[in-house]
Amino acid sequence: MKNKKAYTALELAKFIEGDLTGDPERIISGVSSVENPVENTVVFAENDKFLKKAEKLNADLVITKKEVEAKLDLIKVANPRLAYAKISSLFSKIPFPEKGKAKSSQIADSVQIEENVFIGENTVISENVRLGAGVKIAAGVYVGENVKIGENTLIYPNTVIEKDSIIGDRVIIHSGSVIGADGFGYVQNGKKQEKIAQLGSVLIEDEVEIGANTTIDRGTTKATVIGKGTKIDNLVQIGHNVKIGENCLIVAQVGIAGSVQVEDNVTVAGQAGIVDHKSVAEDSIIAAKSLVTKDLKSGEFYSGNPAQKHSQELRKQAAVRKTPKLIKKVKKLENEINKIKKEMDR
Amino acid sequence: MKNKKAYTALELAKFIEGDLTGDPERIISGVSSVENPVENTVVFAENDKFLKKAEKLNADLVITKKEVEAKLDLIKVANPRLAYAKISSLFSKIPFPEKGKAKSSQIADSVQIEENVFIGENTVISENVRLGAGVKIAAGVYVGENVKIGENTLIYPNTVIEKDSIIGDRVIIHSGSVIGADGFGYVQNGKKQEKIAQLGSVLIEDEVEIGANTTIDRGTTKATVIGKGTKIDNLVQIGHNVKIGENCLIVAQVGIAGSVQVEDNVTVAGQAGIVDHKSVAEDSIIAAKSLVTKDLKSGEFYSGNPAQKHSQELRKQAAVRKTPKLIKKVKKLENEINKIKKEMDR
Amino acid sequence: MKNKKAYTALELAKFIEGDLTGDPERIISGVSSVENPVENTVVFAENDKFLKKAEKLNADLVITKKEVEAKLDLIKVANPRLAYAKISSLFSKIPFPEKGKAKSSQIADSVQIEENVFIGENTVISENVRLGAGVKIAAGVYVGENVKIGENTLIYPNTVIEKDSIIGDRVIIHSGSVIGADGFGYVQNGKKQEKIAQLGSVLIEDEVEIGANTTIDRGTTKATVIGKGTKIDNLVQIGHNVKIGENCLIVAQVGIAGSVQVEDNVTVAGQAGIVDHKSVAEDSIIAAKSLVTKDLKSGEFYSGNPAQKHSQELRKQAAVRKTPKLIKKVKKLENEINKIKKEMDR
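Residue numbers (our numbering), protein chains in the order written: chain A, 143 to 488; chain B, 143 to 488; chain C, 143 to 488.
Do not take every clue at face value.
Which copy? The list can't say, so a pair holds if one copy fits it or any two copies do.
As the list claims (entries may be wrong) - Here are the simulated lysine-lysine pairs, DSS-like style, with alpha carbons at most 30 Å apart:
(1) Lys337 - Lys191
(2) Lys243 - Lys198
(3) Lys337 - Lys464
(4) Lys451 - Lys290
(5) Lys290 - Lys334
(6) Lys481 - Lys471
(7) Lys305 - Lys337
(8) Lys464 - Lys481
(9) Lys290 - Lys305
(10) Lys144 - Lys483
(11) Lys464 - Lys483
(12) Lys458 - Lys194
(13) Lys436 - Lys290
(14) Lys451 - Lys198
(15) Lys364 - Lys334
(16) Lys471 - Lys305
(17) Lys334 - Lys370
(18) Lys243 - Lys305
(19) Lys333 - Lys156
Hints in this document: simulated from the structure, not taken from any laboratory.
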């Protein structure tokens with residue numbers, strides 16, 4: 143469906159394949175929160191608690207699950223959260239013109255530009271860059287030599303994409319991120335640190351999203367790779383030679399050290415770290431602020447520093463909480479045994 | 143008092159309502175450290191230890207507390223630290239011209255600009271932006287559509303203020319920060335992550351200061367809010383839909399996940415994290431590197447991962463330190479009991 | 143040796159003072175990984191395991207240690223890792239032209255520029271800046287008033303160097319870093335936070351390297367100092383008045399709070415933190431994610447939160463792991479003592 147300013151309730155219901163109860167002609171011009179529903183918008187109520195809130199606040203239209211009833215206009219779907227994501231995209235407007243090159247942009251002669259590309263103010267596109275159809279690059283971006291950017295990729299202001307980086311289709315890179323800075327590689331020579339030249343590159347596969355002020359370093363000789371569909375939040379550090387699989391979620395301020403391998407569908411929660419050269423197998427979840435210090439098997443939930451299976455970490459934490467009491471118990475046992483010993487000596 | 147290159151000791155004493163002992167005509171042209179006092183400057187000695195240092199190093203003029211004596215020129219005040227802050231501001235010179243628009247700046251036609259505004263080189267101001275009187279925007283800044291910036295706000299180089307952000311009066315935003323990037327919101331659809339469009343905005347209230355390379359994400363449907371007078375350090379992550387109260391201190395590299403509520407006068411120390419949807423009540427202090435995993439009550443000092451009352455955390459840590467010894471004690475008790483049991487069997 | 147596109151094996155062997163076995167005329171045009179050797183490149187095999195890999199994959203030329211044998215062309219050296227660093231530098235090509243000023247750069251009249259300086263597109267150089275011979279500054283950089291930059295220093299795109307900063311010779315500053323933003327200094331005045339003006343500067347000594355999106359704050363009255371040869375990774379925070387010694391390694395996402403003193407040859411691993419006003423003596427190593435809360439002595443390996451000697455931290459962790467079992471043991475002892483007491487009462 144094409145993005146418009148407003149839709150009828152029926153149009154929205156059809157778009158998300160939901161069952162509409164209520165006025166099919168109601169005009170909806172946006173999305174709002176169930177805690178503060180705005181007139182002529184649709185809200186999202188995943189469960190009964192939120193649905194009650196919507197009822198109380200008299201929301202105009204509610205996306206909800208199949209089995210519920212309410213005195214409101216509803217669109218019932220199998221997966222309300224997913225339906226909400228789809229509807230939200232209808233009202234989203236990317237902050238880029240359709241096409242054109244700002245006068246103040248600096249585009250090298252050898253650059254190849256496909257159709258419907260936009261290049262913003264003061265943006266620098268270096269030699270031998272290729273920009274696929276529909277690419278939009280905001281203001282103040284630097285794109286180094288030989289960079290290839292796939293179709294319909296969006297690059298927000300003041301981002302830096304250093305030389306030789308390969309960026310896929312439908313990638314989104316948010317403001318201030320730096321793709322392809324040198325990895326942190328030195329050899330100690332006496333007390334001095336000798337730099338190891340960072341000769342590799344960065345490969346960002348299709349449909350990756352990268353948050354603001356995130357840094358992804360180039361490989362030492364090969365590429366640092368971010369797999370298809372992986373989403374990376376703000377202020378994340380990805381070291382050189384790292385390989386991240388497909389459809390991972392890497393939350394804000396995570397640090398992934400050099401040469402780490404992360405397989406598909408892994409979630410790394412905020413401020414967690416992974417020590418260099420370790421691997422994390424597919425479908426794992428790593429809790430916030432954990433530190434991964436050894437290879438992790440697939441499909442488990444890990445937490446702690448050092449990270450271990452979450453069930454073990456919880457057991458450890460429970461035991462630690464009991465330690466002050468345990469110290470008292472042991473003191474008491476010592477006294478009792480001393481008493482018994484005295485008793486027996488008599 | 144107007145900023146000048148130099149002041150007499152008497153002028154300074156009057157400005158901070160202090161009692162001057164010593165030469166009222168002494169010329170003071172700056173501030174220096176008590177550990178390395180520079181000629182013709184004023185230093186700050188909060189306590190006797192620092193005052194002795196100032197005496198030993200023969201400082202020219204010392205701001206100190208009411209009850210002390212020293213063979214130096216002194217300005218005695220009730221709150222020396224506050225007096226020092228005021229004096230330091232006299233010698234501060236912001237790195238912005240009074241007004242003007244750099245030739246290379248790109249200002250859209252519909253922009254409203256009040257008096258005494260400065261716009262630096264290569265800075266981009268998009269459609270429908272409003273810049274209040276006295277706003278100074280440095281070089282290389284990107285200001286998106288519909289942004290409103292209040293009076294006397296300062297924006298340092300290479301900052302990005304994305305569309306629809308509302309910035310108050312006397313706000314300071316340091317270099318490289320990104321205000322209003324998309325929040326990190328997805329819905330899993332099979333293995334794939336579907337993006338939830340981030341349709342909200344960011345609201346920065348008056349007198350907020352934001353450090354360098356910090357990121358504050360736009361809300362999902364409403365605004366992410368930073369309350370009046372709150373100060374945020376460098377490399378901080380503030381997720382979507384977060385609401386931070388007034389006069390908080392958020393120290394470097396803190397991460398505040400989506401939809402967190404922080405009330406007034408809260409201090410979050412460096413590298414701490416707050417898990418999504420949690421709340422922190424007013425006047426709380428959260429220690430460095432803590433992880434807040436549940437709602438916190440007002441007026442307490444919290445620490446640890448998971449964060450708990452600091453007194454409890456200290457008790458836990460003390461107990462943990464005793465655990466190796468405890469293990470030995472229990473081993474000894476086991477042996478003694480075995481001995482007793484043998485004894486009794488005889 | 144001058145950088146060329148390719149070298150003979152003999153040229154490389156001479157350059158790193160190694161013993162060549164094999165074809166001296168073999169043409170080598172790059173470096174690749176032992177796990178994936180590319181034709182006409184040299185790889186690096188520090189130990190027998192890697193050498194076997196190189197043999198199996200039939201690498202063209204291998205840098206390795208003195209005592210080994212293999213059916214491959216080898217260059218044997220005393221320190222293969224160091225030799226590799228040197229060779230890698232031969233194939234490194236910095237992404238800057240030799241000299242020139244981009245038309246869109248904005249250079250103030252009073253700027254002093256030595257020979258062979260390059261200034262990139264849209265870069266702003268403010269009044270009274272001095273740029274030493276061979277300095278290269280990429281696109282989109284902001285250099286504030288009175289900044290001095292030594293010889294052959296490289297500054298990558300979209301970096302901000304604020305006023306009064308002093309940068310040494312052969313320094314490298316990666317994209318998006320901010321040098322000299324205000325330190326985080328306030329005094330509480332009732333509930334309000336009064337700003338302490340940050341009047342100092344930043345001093346970066348020779349041969350320092352600073353990663354992408356890192357922030358180094360200016361001192362309050364004096365300079366924040368980064369010592370000669372120290373290497374700093376991405377997204378690191380260095381607070382005001384910090385003094386870091388020579389040849390330190392500060393890994394990604396480390397936070398060093400205000401007024402910390404770090405002596406020479408210290409390694410601070412990823413995501414570690416150092417609390418304000420603490421000192422770390424020379425040759426120390428601080429493990430990833432540690433929090434330094436007191437002064438640390440020289441030459442030790444520290445870890446944990448709070449950081450302590452690593453041997454103690456390991457002992458603590460081992461004890462904590464045993465705590466669940468210890469609780470059971472104590473329970474058992476309590477039962478046994480109760481039995482004994484009953485026995486004795488009879």
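Task: Index of numbered hints that the structure contradicts, given in increasing order - done: Per hint list: 2, 3, 4, 10, 12, 13, 14, 16 violated.
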